[in-house]
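Participant: For the record, the sequence lines run as chains A and B. If you count by the working numbering, then the first sequence holds residues 1107 to 1272, one letter each, in order. If you count by the working numbering, then the second sequence holds residues 188 to 688, one letter each, in order.
Hints were generated in silico from the structure; no laboratory data involved. Where hints are given, some of them may not hold.
What the hints assert, rightly or not - Stretch by stretch, here's where chain B covers chain A in the computed footprint (C-beta under 8 Å, at least three residues): (1) 1141-1150; (2) 1172-1186; (3) 1204-1214.
As the list claims (entries may be wrong) - Chain B regions said to be covered by chain A (calculated; three or more residues, Cβ under 8 Å): (4) 280-286; (5) 637-643; (6) 658-664.
C-beta atoms are modelled at their ideal positions from N, C-alpha and C, and glycine is treated no differently.
If you want the building blocks of each chain, they are given just below.
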Amino acid sequence: MAIAWQAPERRYRTYLQVRSLLTMLFFAVLIGIGYATGIYPQEVVPIWVAAVIWLAFTLFFSLFFAARRFQFTAWARSNEGMHLKRGALFRKIRAVPLNRIQHVEFKQSALERLFKIARLAMYTAGSGGADLTIPGLEPELAMQLKAELLTTIVSEPDEADATTHG
Amino acid sequence: MAELNWQRTPLITIAFFLLKQLKQLVSNFSNLVPVFAAIFVGGKNSIWIPIALVSVYVLWVIVSAILNQRFFLYAIDDDAVHVRSGVFNRQHLTLKYERIQQAEVHEAWYFRPFKLTILSVDSAGAAGKEVQIPGLTMALATELRQRMLAQTIKPATEQASSSSEPEVDLQKSFPTSEIIRAGIIDNKLFVLLAVLAYPLSQLDLLEDYVVPWVEANLGWLNTEQAWLLTAAAVVGVLALLFVAAIVVSLLTYHDLTLTLHGDRFQARSGALSIRTLSFRYPKLQAVFVRRNLRARLLKRASVRVSQLRPVTAQAGGQAGGQQFHLPVVDDSFLHEFRGRLRLPEAGQVHWQRLSNLALLGPSLWLAVLFPIVAAILYFAAETGVWGLLGSVALWLIIQTLVVLSWRNYGYSFVTSSTTPREQWFVVKRGIFSRNENWYPRHKVQQIDVVQGPWLRLLGFSHLLLYTAAGAESIRYLPTEQAQQLQLDWVSEIGQQHRRWM
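Bound conformation, chain A alone (with noise of 0.2 Å):
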């Protein structure tokens, strides 16, 4: 049986460029206030190497890297289970038996919601965190899917009548 994988909206990509440059201006600011203060070794690493180097990551994780990330990452829904594909160079691909899961959860951060997409977390029993995250849903599908599973849970055959007592 193959997997009908489904891609996140497209408006993760962007997300993630976002993200990715936000986390490059971080460093930058680092960067110019080292410079402001003088603290920066003007004499080892000369600023315009610094910036050549700031520039070439920014590049490569905000428009390569980020949209490869988007391009390998998908999510799927089977009567069984839920699957997970991502990862731009250390591939994972994640599956979650249904009827494992204890809880689910809605995520929203502040970015994601001016993006307009949302997460969806599934968690099974006895692990710390979460342990399958859906990112870059929509966020009515996302709540959709929560009620879905939280139905499919609910609706489980009840464990005693399925147990053979003996």
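Fit chain B to the given chain A structure using the hints.
Facilitator: Below, chain B alone, put in the same frame as chain A:
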């Protein structure tokens, strides 16, 4: 809901709260070291500061133990147990019987003269709570535990038959000779030696302290005899520690008795504090069969059964302490016990090896690393031929260990022929030891296929299986096979509607 009948624990339970405080102090000791250091440095001239602090602390421990006992209240309801505790931060905890994972009766040594016990209760879930109610009478504690566990098994109608003393299917007592073997197998001395080996080797203890002392005090001996004496003393101390470790095992596992009724397994042991460890078959998450070098020489094995436990309890140092554990089983009983756990016969398992590729990575690293080490030793440290020979020998040893661990690794998917049939996923590993980890296949919670850039070039992937009792990986599977296995299992597990925690 009926009015709750709040009860206070007997006065003697102050001892329980005192010990709890002391345990906390021991586990937090490393955090307090800077404080001690500060006191030590700051209070150099005034000896009374540390003394005052210690006495204030002792006073505080005693007072807070008494207060804790005064403020600890519990109530037993028809469907739940309520606990109220805390002096300043009041806590009110309600534990429904149906949510209780585990309930154990612990007869601590300081309660035994008073015929009192401690009941510890675990609930399910990631942020699980553990509650201990001290100072219950044996009869009340056992009855409560029966009630709690009976609730979790089946609906009320079927309770009558199971909550009254069920008949015993199998009972096995372990004689003292076996317990001594357990002491040898699980000897803490070896752990201690491994931990101490490094600092001792750095200290030059023998050179700096022992030899001068012997020379100064035992001048009538010549040096040769002094060496003999030190060697004898070291061997003597080691032998003493070895025996002491066996005595500890004898105390903890004294009178170890295993009882089985239905799907309930219980092990009871102890000379001073009697503890009972138990689990119910449906809650089993993993079976670990351990056989280290000593165990192989003695032809014994140890078995651990793990079930879902609160994360907090796992993180605490006593993770292994509460697990169901048989420290020593011989081959014939292991065979029977495996049957009871619905594990397949040893002959049914078709072990599969990892691909040869699994050897490539570590071997490559070693092949790069050791010439560098040899070159440094030869040119920079100027150790000459010995440095070269030494590094070659070390390389050979480590490479052999890598090959051995690859050779002894195996995994398999087996269905047992017991009734009811059970499907398992098993991994064996070990260089000198033989360890097998068994996981019920339908309890796998999450399956990953991961692939780094190098593996992608080769067309291979790692398969990672997560269960509530830990994760296992099958490395270097062809990518297609890994993805197919992932799909097959998810649909297989997704269609299983059996109880799993």
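Participant: The structure should be examined with respect to each hint, and the outcome stated for every one.
Facilitator: Here is what the structure says about each hint:
no.	hint	in the structure
1	1141-1150	violated (count 0)
2	1172-1186	holds (count 3)
3	1204-1214	holds (count 4)
4	280-286	violated (count 0)
5	637-643	holds (count 5)
6	658-664	violated (count 0)
Violated hints for the displayed structure, listed by number in ascending order: 1, 4 and 6.
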